[in-house]
Each structure stands twice: as C-alpha cells, then as structure tokens.
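The chain contents come next:
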Amino acid sequence: MPKFMYVFRGGGYATPDLLSPTEIQQHLAKWNAWTNELLAQGRLSGAQPLAHPPSGKTVRGRERIITDGPYAESKDLVSGTVIVVAASLEEAAELARGCPILELDGSVEVRPVIDTPNQA
Amino acid sequence: MSPVEDGSAYAVVDGLFRRESAHLVAALTRLLGPSHLALAEDVVHDALIGAMQAWRFGLPDDPKAWILRVAKNRAIDCLRRERRLEALDDTHLAGRSLEGAVELALSSEADAANQLAMMFAICDDALSPETHVTLILRFLCGLSPSEIARAFLVDVGTIDRRLHRGRTRLEQLGALHDASADEVRARQPSVEQALYLLFNEGYLGSDPENPLQPAMCADALRLVEVLLASNPLEHARVNALAALFCFDAARLPGRLDDTGVLTPLAEQDRAKWSRVLVDRGIVHLGESASGDLLTRWHLEAGIAFEHTRAQSFEETNWGKIVDYYDALLALTPGPVVALNRALALAELRGVDAGRAALALLDGHPKLTTYSFYWAALADLARRGGLLAEAKNMYARASALAKSRAERVSYERRILRLGE
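Residue numbers (the working numbering), protein chains in the order written: chain A, 1 to 120; chain B, 1001 to 1419.
Among the clues, some could well be false.
Said to hold, decoys possible - Reference listing, derived: stretches of chain B covered by chain A, where coverage requires no fewer than 3 residues with Cβ under 8 angstroms from a Cβ of chain A:
#: 1; region: 1108-1122
#: 2; region: 1291-1305
What the hints assert, rightly or not - List of simulated lysine to any residue pairs, SDA-like, C-alpha gap at most 20 angstroms:
#: 3; chain 1: B; residue 1: Lys1064; chain 2: B; residue 2: Arg1081
#: 4; chain 1: A; residue 1: Lys57; chain 2: A; residue 2: Lys30
#: 5; chain 1: A; residue 1: Lys30; chain 2: B; residue 2: Asp1077
#: 6; chain 1: B; residue 1: Lys1366; chain 2: B; residue 2: Leu1400
#: 7; chain 1: B; residue 1: Lys1402; chain 2: B; residue 2: Thr1263
#: 8; chain 1: B; residue 1: Lys1402; chain 2: B; residue 2: Thr1368
#: 9; chain 1: A; residue 1: Lys57; chain 2: A; residue 2: Thr116
#: 10; chain 1: A; residue 1: Lys75; chain 2: B; residue 2: Asp1014
#: 11; chain 1: A; residue 1: Lys57; chain 2: B; residue 2: Leu1016
#: 12; chain 1: A; residue 1: Lys30; chain 2: A; residue 2: Pro117
#: 13; chain 1: B; residue 1: Lys1064; chain 2: A; residue 2: Glu23
#: 14; chain 1: A; residue 1: Lys57; chain 2: B; residue 2: Glu1109
#: 15; chain 1: B; residue 1: Lys1064; chain 2: A; residue 2: Ile65
#: 16; chain 1: A; residue 1: Lys30; chain 2: B; residue 2: Thr1263
#: 17; chain 1: A; residue 1: Lys57; chain 2: A; residue 2: Gly98
#: 18; chain 1: A; residue 1: Lys30; chain 2: B; residue 2: Arg1081
#: 19; chain 1: B; residue 1: Lys1064; chain 2: B; residue 2: Glu1109
#: 20; chain 1: A; residue 1: Lys30; chain 2: B; residue 2: Val1012
#: 21; chain 1: B; residue 1: Lys1391; chain 2: B; residue 2: Leu1415
#: 22; chain 1: B; residue 1: Lys1064; chain 2: B; residue 2: Ile1076
#: 23; chain 1: B; residue 1: Lys1064; chain 2: A; residue 2: Gln26
#: 24; chain 1: A; residue 1: Lys57; chain 2: B; residue 2: Lys1402
#: 25; chain 1: A; residue 1: Lys30; chain 2: B; residue 2: Asp1111
#: 26; chain 1: A; residue 1: Lys30; chain 2: B; residue 2: Ile1076
#: 27; chain 1: A; residue 1: Lys30; chain 2: B; residue 2: Thr1368
#: 28; chain 1: A; residue 1: Lys30; chain 2: B; residue 2: Leu1163
#: 29; chain 1: B; residue 1: Lys1064; chain 2: A; residue 2: Val78
#: 30; chain 1: A; residue 1: Lys75; chain 2: B; residue 2: Ala1011
#: 31; chain 1: A; residue 1: Lys3; chain 2: A; residue 2: Val85
Hints were generated in silico from the structure; no laboratory data involved. Virtual Cβ for every residue (Gly too), placed ideally from N, Cα, C.
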C-alpha cells in the first residue's frame, strides 16, 4: 500500500486568554482519539511531533550560514508529521479531514511518499 | 515516550492541564514577581501547548513531570535571556544556582505556600468580592475568561475588566511574599467569602446547561484545605468552612437524577452521597469546635451535617436545624436564611407553621425573583392541599428557574399535582 506524509501546520498557537487549559487538554484528547483510530486501522506507520515553542536552526546557501529558528508565521509553522498508509492520495486526503488540527485553524498537507525499491 | 506503538495508554488524567496550570502560574508569579504575571501565564500556556503538540501521537510516562520540566526550562530561559535575574531576590536564590532556585520554587513542597501567597494577594480590600472569585478562578483554578463568564452568566467583557483590575493591582505589589500575620488576619474573611462564593457557584451555578460544577466545588475544598496550612490564621473558622464544603459536596452525586433534573432533598437517594467526604467533614467539624468561636460557617456546617447524618428525610433532626437557623438569622439576617428556616419549621411543627413563617416574607424584593422561594411556597401549598395555588406557584418558580435541571424539576411537580 502506498504511503503518504501528513505535514501539520499551525493550530494551537493561540494566546492564553483564548484557549484554556481544559480546552487544550480536550483538544489533545481529540488528537489521541484520531491517531488511535488510524493506529487501530493499521494506517499509522510513523509520527514525528516537533517541539513547541518552535525552536531549531536553519542552514542555508553555499556559505552554509546557520541561522536561529524557523521564521515562518505561526500558522505556517510545521508542528509535526506522520506517515499513513492509504490506497490513494484521495483516500489519504479524505482521512486527513478528520484531523483535529483543522478545528484550531491549522492545516494538513498530504504528500505521497516515494517507495525506494532497492531498500530490501 | 513511545509514539505510535502503544495505543492503550491514550488518556490524560481528567483536569490535569487545569490543575498544573494553577500550580505553575502561582509558583512562577511568586518566583518572577507579580509584575511578571503575564510572563508567568505565557510560560505556562506554552508548556501546555507544547505538551499538546508533543503528546498527539503518544503520552509520556509521567505527564505531570513532563509539563513541570518544560515550564522549568522555559522559566530559566526567560530569566537568563531577558536578564530578569534581578527579579529573583535573595529569598529565592539564597546561595542556590538558578536551576536549583527555579526547581525549588516549582516543587510540590512549595505549592501550598505559593497558592496561599496568591490567594491572600488576590483578596485585596481594593477589589470587589466578585473580582476576588474571578481572579481565583483564573489564577488558582486555571479557567479562561470565557469559562468564567459562562459559569457566572455574564459577558466576557465583564470578566476581562475584573481580570484587568486584578492584574493591575497585583502588578503594583513588589513581591508575592508570604502574607504577614496582620495581613492574614485582615484578609481572612475576604478569602473565606471568595471560596464560599466559588463553592456555591459549583453547587448550583448560573450556567443554564450545567448548573452543577463538581470541579468548582472540589477546587473550593482544595483551596480551603490549603488555607489551613497558614499559621497565623484563625483555624476554627476555616475548619468550619471546610466541614461545610465537605458535607455539601458529599451530597452532590444525589442532586441530579439520571435525566439531569434537580432532585429535592426529600427524594434524593442517600446511598449516592459520598461517605468519604462526610467523614472528611466530620474531622474538620471536630477541629472547628476547638475554641468558643461560633461563626456562620459553624452554623451552616452544623445544618449540612444534620442533613448528611440523617438516615432519611423524615428522620432528620429538624429541631436542631431550626435552632441553627435561628442562630444564623441572629448572626446574618437575610430573606434566604429566613426562607430555609421556614422550610425546616414546616418539617418540625407542620405545614401551617411553615406557611405562616413564609407569609412573613411576602413581598420581600429579594425573594420575588428567587425561584426557590416560589417553589417553597408551592411545596407547602401542595402539602396543605391547596393544589390550584401550588400549581400557580410552581409555574412562577419554573418561569424564574435558571437552568433546565431546575425548571423540569418544577414541571414534574406540576404534573404530579394531577395524580
């Protein structure tokens, strides 16, 4: 079965006044229910949550200049990725519609992962 | 952490984020100083969002420790980067490393002291009792402005204004120190009153969908027990308040039936009441009697205790309850106390005595819009055989009811009149 990568952006970067601790925990419970379901269906084959607040470095150009942090707008910041198994890109996109990140103005980018055949 | 592999452990303890938020905001505000309250809130919010992001695909072994570690690291970063070291006075550093000082400030051992300092700082005379409760819900219970607004049935703007006043006042304080003996004695009544309001809001609040908020009652009980850790305090009073909370909270599980409708005391299933909380209340009640002090909390706790100890509604010691209400009326006169006394009197001396006592309250401006007053009149009219009058009064109670749980309870009593 083909594999697809979900790239999660934004979602949950609200200010303290907008999202209460209870609401954050409830949102987490929705994520856990969603990923649990993918897991139960045997569709989840890897997950990489990224640290928050966003930190990291970016290396750029021939000069290999290292700069601090990802400087994207918070709604464009990648907050994690997962690999799912699906029959087609359409099915993978349909599955992503259940992702809780969409409730907090986030997005899921769905990308086909290329199988490398000689990696037996 | 074990991402993906373990699908069984996907549950975070109920209320964990809210409790940790309260614990950490108090600790960080004390560490960084109240002028950095907003920074403390940001640090905690970031830690919780970070936990949410990180745990989407699997939980850590010790979620609480995870949140604490992240908040600690963020606090250290903030202190270093923004050169806020001067905010840490000698009492916090006292020869310790920065890490050591932050760790100690956020430890569970320091929790009670942190929350006490916060509670006494909040219950400032310059702020209203409503503002005290709002600030307690925000900073010591971890509720958002919209959650507080929903609980009190006021608009978010009102809550934001109260929070703003509170923040401004807190920021004027140089440090969130342990309250001095004088301050504790001066502010104790305000703190008690705020916790009493908090408890009542949970016992029967303004939220029409969820009039009972057991979590709020549990918070009030938790904080009143934290209060007992303060030395200069008058402990007998606080123990009486804690006993009252225990006895009332014990009866919460019996207050709604399976369809979410409020059940009158006479019809409650007493087997549902919490024995554990009753026992805890009895311990507090015993300690409340350590002096010759008799406060309204003592009397209210006494009344609640008589209800919880009775095997049935009929076997309740109504004589003792009426005595307590008489003493309470002398101490804190008010129409609601008089109303409850009249109901107890009806059980002790009969319906006519109860109706006569209620008649004295006729036309009281505070009662004409109080649904429980009309329901009390209706209940006694029904028992006196005046069914048409009872129906009228139940209809008025129903129209004034603040929640579905309450309204349906009256509607059912109207239906039963016809049986």
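Here is how each hint holds up against the structure:
Judged by the Cβ-Cβ criterion of 8 angstroms, the region 1108-1122 of chain B is not covered by chain A as claimed, because only 0 of its residues qualify and three are needed. Here the region 1291-1305 of chain B counts 0 residues with a CB under 8 angstroms from a CB of chain A, which misses the bar of 3, and the coverage is violated. Taking the CA atoms of B:Lys1064 and B:Arg1081, the gap is near 26 angstroms; set against the 20 angstroms cutoff, the hint is violated. Using a Cα cut-off of 20 angstroms, the hinted pair A:Lys57 and A:Lys30 is violated, with the two alpha carbons roughly 31 angstroms apart.
For the hint linking A:Lys30 to B:Asp1077, the alpha-carbon distance of about 31 angstroms lies beyond 20 angstroms, and the restraint is violated. This hinted pair checks out: B:Lys1366 and B:Leu1400 have alpha carbons roughly 13 angstroms apart, not beyond 20 angstroms. For the hint linking B:Lys1402 to B:Thr1263, the alpha-carbon distance of about 15 angstroms falls within 20 angstroms, and the restraint holds. Note on B:Lys1402 and B:Thr1368: the hinted pairing holds, with a Cα-Cα distance of about 14 angstroms set against a maximum of 20 angstroms.
At roughly 29 angstroms between alpha-carbon atoms, A:Lys57 and A:Thr116 are farther apart than 20 angstroms, so this suggested pair is violated. A C-alpha spacing of about 29 angstroms is found between A:Lys75 and B:Asp1014, which places the hinted pair above 20 angstroms, so the restraint is violated. The hinted pair formed by A:Lys57 and B:Leu1016 fails the criterion: a straight-line CA distance of about 32 angstroms is larger than 20 angstroms. Taken as a hint, the A:Lys30 and A:Pro117 pair is broken in the structure, with Cα atoms around 36 angstroms apart against an allowance of 20 angstroms.
Annotation: proposed proximity of B:Lys1064 to A:Glu23 holds, straight-line Cα distance about 17 angstroms (limit 20 angstroms). Distance restraint check for A:Lys57 and B:Glu1109: the Cα-Cα separation of roughly 37 angstroms exceeds the 20 angstroms cut-off, and the hinted pair is therefore not satisfied. A threshold of 20 angstroms between alpha carbons decides the hint, and for B:Lys1064 with A:Ile65 the separation of about 38 angstroms lies outside it, so the pair is violated. Our distance criterion of 20 angstroms between C-alpha atoms is broken by A:Lys30 and B:Thr1263, whose separation comes to about 34 angstroms.
A C-alpha spacing of about 32 angstroms is found between A:Lys57 and A:Gly98, which places the hinted pair above 20 angstroms, so the restraint is violated. About 35 angstroms separates the Cα atoms of A:Lys30 and B:Arg1081, which puts this hinted pair outside 20 angstroms; it is violated. Of the pairs offered as hints, the one joining B:Lys1064 and B:Glu1109 holds, with about 15 angstroms between alpha carbons and a cut-off of 20 angstroms not exceeded. At roughly 12 angstroms between alpha-carbon atoms, A:Lys30 and B:Val1012 fall within 20 angstroms of each other, so this suggested pair holds.
Taking the CA atoms of B:Lys1391 and B:Leu1415, the gap is near 9 angstroms; set against the 20 angstroms cutoff, the hint holds. For the given pair, B:Lys1064 sits about 18 angstroms from B:Ile1076 by alpha-carbon distance, which is consistent with the 20 angstroms threshold. At roughly 16 angstroms between alpha-carbon atoms, B:Lys1064 and A:Gln26 fall within 20 angstroms of each other, so this suggested pair holds. Among the hinted pairs, A:Lys57 with B:Lys1402 is inconsistent with the structure: their alpha-carbon atoms are about 55 angstroms apart, more than 20 angstroms.
Distance restraint check for A:Lys30 and B:Asp1111: the Cα-Cα separation of roughly 30 angstroms exceeds the 20 angstroms cut-off, and the hinted pair is therefore not satisfied. The straight-line distance between the Cα atoms of A:Lys30 and B:Ile1076 is roughly 32 angstroms, outside the 20 angstroms bound, and the hint therefore fails. In summary, the hint linking A:Lys30 to B:Thr1368 is not supported, as the alpha carbons are separated by about 45 angstroms, beyond the 20 angstroms threshold. With a C-alpha separation of about 30 angstroms, the suggested pairing of A:Lys30 with B:Leu1163 is violated against the 20 angstroms cut-off.
Under the criterion of a C-alpha separation no larger than 20 angstroms, the hint pairing B:Lys1064 with A:Val78 is inconsistent with the structure, at around 25 angstroms. Between the alpha carbons of A:Lys75 and B:Ala1011 the distance comes to roughly 27 angstroms, so the proposed pair goes past 20 angstroms and is violated. Our distance criterion of 20 angstroms between C-alpha atoms is met by A:Lys3 and A:Val85, whose separation comes to about 5 angstroms.
The structure is inconsistent with the numbered hints 1, 2, 3, 4, 5, 9, 10, 11, 12, 14, 15, 16, 17, 18, 24, 25, 26, 27, 28, 29, 30, although it conforms to all the rest.
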